[in-house]
Each structure stands twice: as structure tokens, then as C-alpha cells.
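The chain contents come next:
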Amino acid sequence: MASNWIRLIIIVLFLIVLTTLPLWASRYAVSVLLLIYLYMTVASMWNLLAGYSGLISLGQQMFIGIGGYTLAVVSMYYGIPIFLGVLLGGVLSVILAILISQPVFRMKGVYFAIGTWIIAEALGISFSNWGYVRYGMGLFIQPAYKLSMSSIYYAAMILGVGSIALVYLLLRSNLGLALMAIRDDDVASEAMGVNIFRCKLTCFLISAFVTGLAAGVLYLNTIFIQPFEAFGIGWTVKLLFIVIIGGLGTVEGPILGAVIFVLLQQFLSEYIGFNLIILGTITILTIFFAPKGIIGTFHEKISVELFPIRRQ
Amino acid sequence: MLTSLEPLINGILLGGLYAVIGIGLSMIFGIMKQVNLAHGELMILSSYFSLLFSQLLGLPPLLTLILVFPASFIFGYLLQAFLFNRVLGKGMEPYLMISFGLSIILQNALLLIFTPDARSLKTGLIIQTLDVYGLLHVPVIYLVDFAGGVLMIGFLHLFMKRTYLGRAIRASADDLSASKLMGINIRKIYALAMGIAAVTAAMSGVLVGMTFTFYPHSGTQYLIIAFGVVIIGGMGSLPGTFLGGLILGISQLVGAQFLGPGFQLLSGYLILLIVLTIRPQGLLGRK
Numbered sequence: 001m002a003s004n005w006i007r008l009i010i011i012v013l014f015l016i017v018l019t020t021l022p023l024w025a026s027r028y029a030v031s032v033l034l035l036i037y038l039y040m041t042v043a044s045m046w047n048l049l050a051g052y053s054g055l056i057s058l059g060q061q062m063f064i065g066i067g068g069y070t071l072a073v074v075s076m077y078y079g080i081p082i083f084l085g086v087l088l089g090g091v092l093s094v095i096l097a098i099l100i101s102q103p104v105f106r107m108k109g110v111y112f113a114i115g116t117w118i119i120a121e122a123l124g125i126s127f128s129n130w131g132y133v134r135y136g137m138g139l140f141i142q143p144a145y146k147l148s149m150s151s152i153y154y155a156a157m158i159l160g161v162g163s164i165a166l167v168y169l170l171l172r173s174n175l176g177l178a179l180m181a182i183r184d185d186d187v188a189s190e191a192m193g194v195n196i197f198r199c200k201l202t203c204f205l206i207s208a209f210v211t212g213l214a215a216g217v218l219y220l221n222t223i224f225i226q227p228f229e230a231f232g233i234g235w236t237v238k239l240l241f242i243v244i245i246g247g248l249g250t251v252e253g254p255i256l257g258a259v260i261f262v263l264l265q266q267f268l269s270e271y272i273g274f275n276l277i278i279l280g281t282i283t284i285l286t287i288f289f290a291p292k293g294i295i296g297t298f299h300e301k302i303s304v305e306l307f308p309i310r311r312q
Numbered sequence: 001m002l003t004s005l006e007p008l009i010n011g012i013l014l015g016g017l018y019a020v021i022g023i024g025l026s027m028i029f030g031i032m033k034q035v036n037l038a039h040g041e042l043m044i045l046s047s048y049f050s051l052l053f054s055q056l057l058g059l060p061p062l063l064t065l066i067l068v069f070p071a072s073f074i075f076g077y078l079l080q081a082f083l084f085n086r087v088l089g090k091g092m093e094p095y096l097m098i099s100f101g102l103s104i105i106l107q108n109a110l111l112l113i114f115t116p117d118a119r120s121l122k123t124g125l126i127i128q129t130l131d132v133y134g135l136l137h138v139p140v141i142y143l144v145d146f147a148g149g150v151l152m153i154g155f156l157h158l159f160m161k162r163t164y165l166g167r168a169i170r171a172s173a174d175d176l177s178a179s180k181l182m183g184i185n186i187r188k189i190y191a192l193a194m195g196i197a198a199v200t201a202a203m204s205g206v207l208v209g210m211t212f213t214f215y216p217h218s219g220t221q222y223l224i225i226a227f228g229v230v231i232i233g234g235m236g237s238l239p240g241t242f243l244g245g246l247i248l249g250i251s252q253l254v255g256a257q258f259l260g261p262g263f264q265l266l267s268g269y270l271i272l273l274i275v276l277t278i279r280p281q282g283l284l285g286r287k
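Protein chains in written order, with the working numbering: chain A, 1 to 312; chain B, 1 to 287.
Simulated from the structure, these hints should not be mistaken for laboratory data.
Predicted model, so just to flag it, every value in this text is computed and none were measured.
It is possible that part of the hints are untrue.
Partial selection, computed: residues in chain B whose CB lies under 10 Å from chain A [stated by the list, open to error]:
no.	residue
1	Leu-88
2	Ser-103
3	Leu-112
4	Met-160
5	Gly-260
6	Leu-272
7	Thr-277
8	Ile-278
9	Leu-283
10	Leu-284
List of simulated lysine to aspartate or glutamate pairs, EDC-like, C-alpha gap at most 20 Å [as the list claims (entries may be wrong)]:
no.	chain 1	residue 1	chain 2	residue 2
11	A	Lys-108	A	Glu-229
12	B	Lys-90	A	Asp-184
13	B	Lys-33	A	Glu-190
14	A	Lys-292	A	Glu-229
15	B	Lys-33	B	Asp-175
16	B	Lys-180	A	Asp-185
17	A	Lys-292	A	Glu-190
18	B	Lys-33	B	Glu-93
19	B	Lys-33	B	Asp-174
20	B	Lys-161	B	Asp-175
21	B	Lys-90	A	Glu-190
22	B	Lys-90	B	Asp-175
23	B	Lys-161	B	Asp-174
24	B	Lys-188	B	Asp-175
25	B	Lys-90	B	Asp-174
26	A	Lys-108	A	Glu-270
27	A	Lys-108	B	Asp-131
28	A	Lys-292	B	Glu-93
A partial selection of chain A residues facing chain B, derived with a Cβ cut-off under 10 Å [claimed, not checked]:
no.	residue
29	Gln-102
30	Tyr-132
31	Arg-134
32	Gly-138
33	Phe-241
C-beta: ideal position from N, C-alpha, C; glycine also.
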């Protein structure tokens with residue numbers, strides 16, 4: 001009981017610090033934290049798929065592209081309020097996920113990974129051949145200039161904190177129980193009445209929605225969107241790094257991974273050619289020496305979890 | 001009249017090249033049940049090897065193969081021996097992720113060494129076209145690609161069927177425990193197989209370098225083509241790979257003919273997604 005109170009107090013104090021951050025911290029610190037939230041959001045959604053549902057998707061960038069482009073198009077061409085545009089990006093991502101769910105869920109394991117990647121590539125090529133979104137030249141999301149840094153910060157914070165809470169609650173729910181049963185023994189769980197397809201589809205749609213939302217906020221921050229960047233495999237590289245380093249299949253993993261990733265990116269930004277080489281090397285070394293990531297290894301040694309998903 | 005056949009014929013010829021791009025990926029999958037996401041980088045690395053040798057020694061690109069083959073073989077062998085063999089038997093994810101990390105490292109290392117400029121392997125063949133009675137024009141380089149692809153696949157087929165090493169590789173693919181009991185050193189076999197896969201990648205890398213321009217980032221594009229070939233034909237099936245190459249080549253060039261050049265890659269991807277949906281194990285693959 002006591003440990004639950006301590007945990008709650010830590011989390012609340014932490015949230016108070018984060019909420020008041022734009023009031024006292026430097027603009028640089030705010031911009032770094034904003035990126036951490038967004039990468040944390042997208043990474044924990046990938047983690048929900050890869051770490052808990054056994055769906056290794058190499059195509060999350062399709063939702064990033066769709067989310068970003070929806071925001072750009074509706075806010076620029078139709079003058080729809082910016083944050084409604086972000087929401088629409090999430091909705092369109094879910095619609096895309098529903099459309100592709102039938103074919104991609106027929107693919108298993110590595111075929112699923114390749115199938116999702118190729119859909120993202122095909123979308124990238126289609127957008128670069130589409131005059132409506134100015135081909136490969138990309139779009140400037142002009143309405144985003146009017147936004148203040150702190151409003152983007154709060155949007156990102158809501159997503160970051162919200163996505164972690166969402167994953168935590170999902171895993172504590174019946175769905176989480178079913179997912180763990182599937183992971184441990186899919187045949188037995190199906191025999192006990194778990195609908196595997198529906199569980200995985202639910203995770204896929206949730207991750208599409210949140211990734212689409214996060215993409216909108218991400219492009220509010222970058223302002224410029226271009227098809228080969230938005231639909232590029234580079235996003236998956238980053239997600240993989242974040243989740244592997246932090247710990248695949250842990251709630252805290254993507255948080256720690258995103259912090260490490262964004263800070264590394266800041267430190268390495270001067271050595272532009274080397275930073276991806278270093279990220280790749282760290283990923284490989286982590287797989288060799290700490291296959292469960294930092295958080296997973298930590299959990300094994302000391303049984304303290306910030307977000308325990310098992311019921312006591 | 002016959003000019004409308006050009007995309008079809010060029011598609012078939014390009015398909016021979018695509019088949020050899022996919023063959024290494026297919027082989028590794030067939031033998032180890034693993035997917036090497038760094039296959040495209042192995043290819044482009046060989047293109048740069050060839051560029052280096054042809055500039056240093058003044059050799060024509062096809063002759064540099066004498067040096068590129070052993071270099072690629074050794075590189076592939078070492079990769080498997082020191083990286084991939086460490087995660088054997090741990091399922092699919094670690095291998096997938098290590099090869100992904102490796103592809104990022106290689107890509108950026110090439111970027112640092114060779115700059116992002118477009119390169120090509122200079123050869124006189126590129127400007128020649130074969131004129132069939134004034135009715136049909138076929139670029140000679142496509143014929144070279146096709147011949148190179150067919151030769152490579154033919155040699156690989158004979159190697160797998162006739163030599164001791166080939167039999168050992170096939171044995172370990174068919175039944176891992178039984179082949180271990182027969183005294184086959186699996187780790188060594190896997191390393192040799194990766195070396196051979198790297199040699200096929202080298203062949204395709206040099207052909208691609210002669211036919212198109214390449215950049216340090218081109219590997220990703222060819223990895224997707226390799227996937228296309230392998231998925232259409234069926235993972236681990238040699239004839240399937242050849243068929244997959246032809247189908248992908250034809251669908252790309254015919255698609256480009258009807259929809260415009262911007263859609264060349266897209267029409268290939270669409271065929272691929274259709275096959276993935278209807279028959280995930282590929283046209284000639286076993287379940």
C-alpha cells in the first residue's frame with residue numbers, strides 16, 4: 001500500500017515540474033522536452049505492437065505521413081483550426097489502418113513487417129506523384145507559425161503522458177491480460193476463448209490513432225513536410241533504437257529510450273555523419289549484451305517497477 | 001507495332017537482374033529462416049568496391065568482379081561469424097534488428113567515405129542498343145544484366161546440387177538437428193552461406209552500378225526490390241526467385257509505360273502487396 005502512495009507522489013510531483021516547465025525553463029530545454037514527449041508517444045505505440053502484440057511493424061511511418069499531411073492539407077487548404085486538424089490526422093490514420101488491416105493481418109511475422117513497410121513506401125511514392133500535395137516538393141504548414149512554443153509543448157505533453165497512461169491502463173485491462181496470454185501461448189489462449197485477431201486489431205488501431213496525432217504535433221514543430229521524409233524508413237530506425245535501448249515490452253522502456261535518443265541526438269548533432277553510425281552500434285551492442293534493454297535488465301535485478309502491469 | 005513489346009522485353013531482361021538481387025535474401029531465408037535487412041547495403045557496398053578497384057587499377061567494371069567477389073565473400077563470412085551467429089536460435093527479432101542496425105551503419109559509413117554524390121560504374125555498354133530489324137530497340141546493358149543474372153543463378157544452382165558444401169548447406173536447411181548429428185558445423189556453414197549470399201549481392205551490385213546510378217542510400221531501394229522478388233516467387237525457392245524477378249521487372253516497366261515513369265516503383269509494389277495478401281508464401285513457396 002505504502003509503495004503505491006510513494007509511486008503516486010513521485011508521479012504527481014514529476015507532472016507538476018513538467019507542467020510548469022515553460023514558465024521557468026529555457027526555450028531550448030522546452031524544445032528538447034517537447035521532442036522527448038513526441039518520440040516517447042510514437043515509440044510506446046510501436047512498443048504496444050512489437051512488445052506486447054507480437055506485431056513487428058516497419059511501417060509506422062505511414063501513420064506519421066498521413067497524420068502530418070492531413071494536418072497540412074486541412075489547415076492550409078480549408079482553414080480548419082490547427083488542433084482539429086491534428087485530431088483529423090489521427091482519425092484518418094485509423095481509417096487507413098482499418099483499410100489495410102484485412103490484408104496485413106493475413107501476413108505473419110516477418111511478412112507483416114515487410115508488408116507494412118512496403119505500404120508506407122507505396123504511400124510515399126503516391127504522395128510524391130500527387131499534384132494536390134505539391135509532389136515531392138513538400139508543404140509548409142503556414143498556420144503553425146502563429147502557434148506559441150508553449151502551446152505545442154502542452155499538446156506534446158498531453159500526448160506523451162496520455163500515451164503512457166493509455167498503454168498502462170490497456171495492459172491492466174482485460175485486453176492486456178489477453179495479450180499476455182497470447183504471447184505466452186497463442187494456441188492455449190485461443191482455446192480459452194481469446195479472440196486473437198480482435199486483440200491485435202485493437203492494438204493496431206489504437207497505435208495508428210495515437211501515432212497519427214503525434215505526427216500532427218511533430219509537424220507543428222517542424223512546419224515543413226515532405227513525402228520521402230514523412231513516409232521514410234528513418235522513423236522506424238528511430239523507434240527501434242528507442243524501444244530496444246529502453247526495453248522492449250516494458251512501459252517505462254520507451255520513456256527512457258526517448259530521453260536517451262533525443263539527448264544523444266542533441267549531443268551528436270555536430271557530427272552529422274557519425275550520429276546514425278553510433279546509434280546503430282549502440283543498438284547492436286544492446287541486443288548482444290542486454291537483450292531486454294536498460295529497463296528490462298533493471299527489472300530483472302531489482303524488482304521495482306514504476307508502472308507494474310501485473311496484478312498483485 | 002513491335003515497339004509496344006519493348007516494355008515487356010525490357011521488363012524480362014530487367015527481371016533477370018532483379019532475380020539476382022533477390023537470390024541472396026532468399027537463400028539466407030531458406031537456410032537460416034532469417035531475414036537480412038542489410039542485403040541492400042551488401043549490394044551497394046560491392047558497387048563501391050568495384051568503383052574503387054576500377055579507379056585504382058583502371059579495370060572495366062565487369063573485370064573488377066575478380067576482386068569484388070572475394071572481398072564480398074570475406075565480408076559476408078565475417079559478418080555472419082562475428083555478428084549474426086551470436087543471436088542464432090533466439091528467434092526472428094534479434095536477427096532482424098541487428099541486420100537493420102548494420103544496414104544503418106554501412107549506409108552512413110558509405111556516406112562519410114564516398115559523399116552523397118551519385119556514382120556509376122563507367123562502361124561503354126551503357127550507350128549501345130541492339131536494333132532488331134529497326135522494329136525493336138533493346139539496350140545492350142540490359143542484355144548483360146540478364147546474362148549476368150542467369151549465369152549467377154545457374155552457378156548457384158549447380159553449386160548447391162553438386163558440391164559437398166552445397167549439400168551440407170541444403171542439409172542444414174532441411175533438418176538442423178539431423179545435420180548437426182551428421183557432423184556438420186552449423187556456425188561455419190552459416191558463415192560460408194552468408195559469404196556466398198554476399199557474392200550474389202556483389203554480382204547484382206556491380207550490374208546495378210553499370211546500369212543505373214547509385215548513392216550510399218540506394219541499398220534500401222534494392223532491399224525492397226529483393227523483398228519483392230522473393231515474396232512474389234516464394235522465400236527460399238530458387239526457381240521462384242527467378243519467376244519473381246521476371247514478374248516484378250515486367251510489372252514495373254509495363255506499369256511505367258501505362259501510368260508514367262513516376263509510377264514504375266509503385267506498380268511493382270502494388271503487385272507485391274497483392275501477392276502478399278492472396279498468397280503470403282509466394283507463388284512457388286511452400287507453407
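Hints violated by the structure (listed by number, smallest first):
1, 4, 9, 10, 11, 13, 14, 16, 17, 21, 26, 27, 30, 31 and 32
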